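Visitor: So the chains spell out like this:
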Amino acid sequence: MFNPGLPTVDGPPATAQGDSAPLSLQNALQSFIDQQPEGIASAAELDEMAYLPGNGVYRFAIKERFLEWYVEAKTGKMLKYGFDSNRFLMEKGMLGWVHPFVTRLVKTPFEFLFIFLAITGLYIVFYPRKKKKNRLRTGCLLDMAPGEKLSFMGVSEVTLMGRLAAVGLLPGVPIQMLRIRNRGPVVILVRHTCLALGRDIGARVMMSREAA
Amino acid sequence: MYPDENKLETECGRCQSCARENAEKNIGAVTGKEEIAVAVAGQPNTGKSTIFNRLTGLNHKVGNWPGKTVDRKEGRVARGDRVYRLVDLPGTYGLTANSVEEEIARDYIVSDDPDVVVAVVNAASVERSLYLVAELAELNTPIVIALNMMDVAGQEGRIINARQLSAAIDLPVVPMTALMNRGVDQVFKTLDAIDLQHPQKRNSVELPSEVSRLAELLDSPSSLPYPKKWAASKLIEGDYKVIQAVKNALKDGKWKDEKFKAVETFLSEHKEAAKAIVGRRQQWIDEACKKAVEDVKNCRSPSEKWDRVFLHPLWGRLIAFLAIPIAALLGILLGMFTGGQVLFAAMEGGPKIKAAWPGMIGSMVADGLAPALGWITALVCIIGFIYAIFYFLEDIGYLARISFLTDTFLRRIGAGGKSAIPLMLGLMCNTVAIAGTRVVETRRQRLVTIVMLPFLPCAGQTMVAAIFTLAIFPVKTAIIILIGLTIINFLAASLAGKFLSLTVPHPRTDGMIMELPLFHRPNFRTIFGGVRMRIELFLRRAAGVIFFGLLIIWAVSYFPKGEIQTSYLYQFGRFLEPAGSMIGLDWRFMVALLSSFFAKEITVGTLAVLFSVSASDQQAIMQAIQNAISPAGALAFVVASHFYIPCLGSMAVLKSELGSWKKTLPLLAGMFILAFALAFITYHAAKVII
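First to last, the sequence lines map onto chains A and B.
Using this note's numbering, read the first sequence as starting at 1 and increasing by one per residue.
Using this note's numbering, read the second sequence as starting at 213 and increasing by one per residue.
A couple of the hints might just be wrong.
As the list claims (entries may be wrong) - Taking beta-carbon pairs under 10 Å as the criterion, some of the chain B residues facing chain A (in silico):
#1 Tyr305
#2 Asn334
#3 Glu368
#4 Arg493
Stated by the list, open to error - According to the in silico footprint, chain B covers these stretches of chain A (three or more CB under 8 Å from chain B):
#5 185-193
#6 198-207
To be verified - Once the Cα atoms are required to be at most 30 Å apart in a straight line, the calculated DSS-like pairs of lysine-lysine come out as:
#7 Lys149(A) - Lys502(B)
#8 Lys413(B) - Lys401(B)
#9 Lys874(B) - Lys459(B)
#10 Lys107(A) - Lys688(B)
#11 Lys867(B) - Lys710(B)
#12 Lys453(B) - Lys867(B)
#13 Lys149(A) - Lys517(B)
#14 Lys149(A) - Lys503(B)
Hint data in this document are derived by calculation from the structure and do not stem from the laboratory.
Only a predicted model underlies this, so the values are computations on that prediction, with no experimental measurement involved.
We put the beta carbon where it would ideally sit given N, CA and C, even for glycine.
Chain A on its own, in the form it takes in the complex (with noise of 0.2 Å):
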């Protein structure tokens, strides 16, 4: 489908600009014809015929072979040539080949996990800064390292308290945290049952010094 051996091109090249008037494209695509470029046979396969004022050149491509032909404005010197591998990558990637619409399928959940990212990013950076002055409480089931143990004291709260208790949480109970890490909710294990208690719980739960 593709011709093979071509070069790669990466966008117009850059040209002097000077003050003399461009060839028309008549002549300069006869002189593109002229200088027998590699990979077209005729003039009449090409499908986009432009010219760049920016660059001072005319482009010559056949869009769907993804083959692309720079020929200098005012002198219509061949400048580059060779396959764009850019846009083939872009346009028929990321299954492009089966349609446009699949890799538009493919690429939005990337794009909504890149801003995801950076909002991680940002909020692990911030996140740090804004916890150091909730973390001065001692003693709370909070600072208790995972797989630590140790028994339970008691909460101030009566309502709380007998919530916890129901749950096997009594004074004396010994408690071994199994998970708990920066934010979320903690797992311990409480006498043969496993309880996620939530963070704001965890600290109002006081816990004994001494080791269970």
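On the provided structure of chain A, position chain B as indicated by the hints.
Guide: Just chain B now, kept in the frame of chain A:
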């Protein structure tokens, strides 16, 4: 279980099953038999439902607790000269009410005064689950302890000596493994042996002296609906419901002011008493377990290893984010391949039926009866499969993990961790999602989830929006509009949930305390029992409304002349045209919106009829839409259709889950107004921009 079967058989003179049915009906009426109310209580994750199913043999009635949309299961079993009326109470950790469920269980035990309480205790974590027994023992109701999951305890290397335990607390203890049907008959034998005439002897918790002193302060005869001593201990423990009862008694004038003041000062002077009560209960539990429980070896359950993956902040979340949509999709697909086929057959057979019976009868069968029956069959199958998957995940213990991972986020808007799956289902079908909200633990979180769900666009609404946007806008813009709209829907749903959770009063249960049960093999009997119950409830409560609602919609779109172009629906659409013109829609689009009440999917079909193009030719429909509506109008239509009131099926389920039309109608009215307002804003903003 039916010792009188032979006798009944001769009386009835027919088959045995008939006799059994008769026995069921006559049980209450049979003279000489005393009916004994047995409450089956237990902490969550003790296998209470399995025991209840085993005891009643899956033949029980399901319903709601009066005034609350919380499941109530009740079954009758005849034995000898007694009839046991077993009531399955919602799982509760103790007798302090922290949620509506716990309140129901507590009130039933304390106020309705059952004759016997069967307390289910998990042998694998006896120390924890005995807490409920410790609280129950403070009351006078006879107790039978069902020591369940003996096999699990054995696997974990714990030996529980039921006889020692029974001797220590002086209560009958029945060791059992309900999963394998071991010990079920023993429960009945123990129940038979209970003498209801004399109070059961027991070794109950010795409460601190403050409790009896406070009990003396309470007025007598008590104006509280609770036993005095129990009320005193709960006042000290700060139970909001008991405090409320005291306040109510004060308001009604049954309680004298000075008495109240005395109680108030007592409570403020003895703040440490609550700690003492809890301490005494713990002593009681330690005492009971000292001789009865022996840890032979410390076998760690494999759950911990699995939890390393399933609770991992990254991998656990990834798995959950894959598992939730897969579970939801699988349920819907399985349902569509079974019950959905009936619906498709009904839709396809429509023209043939019309050809066979021209006129009203044919149209009624083809457009009314057959699709209505098809819809209900499809919904029954989908709901059945969805619940089968839910209960499966719940039974193996994974649902609690999903809940753990999503809880922090969902709690902020007032829903719970287990709402994640219904919310995901909401993107596919609101009806099924709302019917599926019973997995959400507390009634309050469930309420929030239910209110959020109608705001989420179902697959039908998304399809309508896709056709409209693709007809008017280029693909890229259309996709952006669709995604943006869905995000706005989610925001609206979250706001609705947040608003509700702020306005609905709730007991102080902020913060998560959740048990993570061990992973274990599923029990298909329990799963099947749950699914059967859900389908039964759907058929009883919602199916009729859906069926007749669909017939009525057919009638208004058929009469008086037999075509939609001249029907009452059309006339109503015409009548609404002035309102429609405010949001850039002509009468055809208004009729389409009205008909979407039937099911969101048929909106496009109605438009096809109104534009007189073939409903299967999407290109033609798009062309017709393009010619009939401005881009701003199309946007307004899509917005209106996304926020418009849910379809009839959802409404029926919504009513059955919210409990009354009084709660349902304001929600629907709110949605209707919101849909119109948003469409109005969209239309005028779009007219300026485009």
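Visitor: State for each hint whether it applies.
Guide: Each hint, compared with the structure:
1. Tyr305: Tyr305(B) check passes; min Cβ-Cβ to chain A is 4 Å, inside 10 Å.
2. Asn334: Holds, because the Cβ-Cβ distance from Asn334(B) to chain A comes to roughly 9 Å (cut-off 10 Å).
3. Glu368: For Glu368(B), the interface hint holds, since the closest Cβ of chain A sits about 7 Å away, which is under 10 Å.
4. Arg493: The hint holds - Arg493(B) has a Cβ within 10 Å of chain A, the shortest such distance being about 7 Å.
5. 185-193: Check passed, 6 qualifying residues.
6. 198-207: Our answer is that it holds, as 3 residues pass the Cβ test (under 8 Å) against chain B, meeting three.
7. Lys149(A) - Lys502(B): Roughly 21 Å between the alpha carbons, so the hint for Lys149(A) and Lys502(B) holds.
8. Lys413(B) - Lys401(B): Satisfied, since the Cα-Cα distance of roughly 18 Å is no more than 30 Å.
9. Lys874(B) - Lys459(B): Status holds; Cα separation ~28 Å.
10. Lys107(A) - Lys688(B): holds, 13 Å
11. Lys867(B) - Lys710(B): The given pair, whose Cα atoms are some 21 Å apart, holds under the 30 Å limit.
12. Lys453(B) - Lys867(B): Holds, at about 27 Å.
13. Lys149(A) - Lys517(B): holds, 19 Å
14. Lys149(A) - Lys503(B): holds, 24 Å
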